[in-house]
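**Student:** Chains as they are written, first to last, in the numbering used here: chain A, 6 to 161; chain B, 4 to 92.
Because the hints were derived from the structure by calculation, they are not lab data.
Some hints could be false.
Straight-line distance between alpha carbons at most 25 Å, and here's what the computed SDA-like set of lysine to any residue pairs gives [claimed, not checked]:
| # | chain 1 | residue 1 | chain 2 | residue 2 |
| --- | --- | --- | --- | --- |
| 1 | A | K38 | B | I75 |
| 2 | B | K23 | A | R50 |
| 3 | B | K23 | A | T41 |
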Amino acid sequence: MAENPIYGPFFGVMGAASAIIFSALGAAYGTAKSGTGIAAMSVMRPELIMKSIIPVVMAGIIAIYGLVVAVLIAGSLESPSNNYTLYKGFIHLGAGLAVGFSGLAAGFAIGIVGDAGVRGTAQQPRLFVGMILILIFAEVLGLYGLIVAIYLYTKQ
Amino acid sequence: MIDGRSNELPDFQVFQTVIKYCLIIIIVPIFCFFSVKSFIFDGLLNLHPMNSSVYSAVVAVIVLHVTLGLYIYKAYNESEKSPKPVKKD
Chain A
6 MAENPIYGPF FGVMGAASAI IFSALGAAYG TAKSGTGIAA MSVMRPELIM
56 KSIIPVVMAG IIAIYGLVVA VLIAGSLESP SNNYTLYKGF IHLGAGLAVG
106 FSGLAAGFAI GIVGDAGVRG TAQQPRLFVG MILILIFAEV LGLYGLIVAI
156 YLYTKQ
Chain B
4 MIDGRSNELP DFQVFQTVIK YCLIIIIVPI FCFFSVKSFI FDGLLNLHPM
54 NSSVYSAVVA VIVLHVTLGL YIYKAYNESE KSPKPVKKD
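Looking at chain A on its own, in the form it has when it is part of the complex (with noise of 0.2 Å):
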């Protein structure tokens, strides 16, 4: 294919590598604004060590995310001769793009819910089910990102 342009996979490694960026961006300030909050609670309840880490978890989470879209778009990257259209460069765009952001975004929402809610839960130990569903709300808009990113992977 003659007229496939040069700068074509340029778009497709740029998503690639914008979905593990932005999703690790996210997932490492979830982690460390969840971390501190784990460290002051730590102090004075001990025992509470094991529920605390859940934030830290799904702040992870949101990194495998942009983990499993950029290995499905370094996957599918091609030559311009070898029949990679400027389409499916910017296709692989749009897919990096949606899961990297939906990734940072989830990921602020984990790390200030993660830190607010694991200090409330060693002053009230039944705030542990509210904040467990506060995280998982968070962590679905990081899956919504992924759907989206996917379901576009899939147009070719």
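Using the hints, position chain B against chain A.
**Tutor:** Below, chain B without anything else, positioned relative to chain A:
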């Protein structure tokens, strides 16, 4: 709370449980992705490579949430069943 230590698990046991579940959460979905892709979707069903990647990604994400649910269940039950110190007088 030093005097509250009687109703919590030993440190090493908590460490073991957390490490075990964290490794499960990290390793099992990745293992599922590649094993399901190569054995079931590519091997048995002979799907197109793109479709098999997408389906195995979906399977991996579902497995990931199942393992996360197991951890939450474990963490929730852990502190519920720890007996409160009985006051003796």
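**Student:** Decide, hint by hint, whether the structure agrees.
**Tutor:** Structure-based check of all given hints:
The hinted pair formed by A:K38 and B:I75 meets the criterion: a straight-line CA distance of about 20 Å does not exceed 25 Å. Our distance criterion of 25 Å between C-alpha atoms is met by B:K23 and A:R50, whose separation comes to about 22 Å. With a C-alpha separation of about 23 Å, the suggested pairing of B:K23 with A:T41 holds against the 25 Å cut-off.
Comparing the model with each earlier hint shows no violations; every hint is respected.
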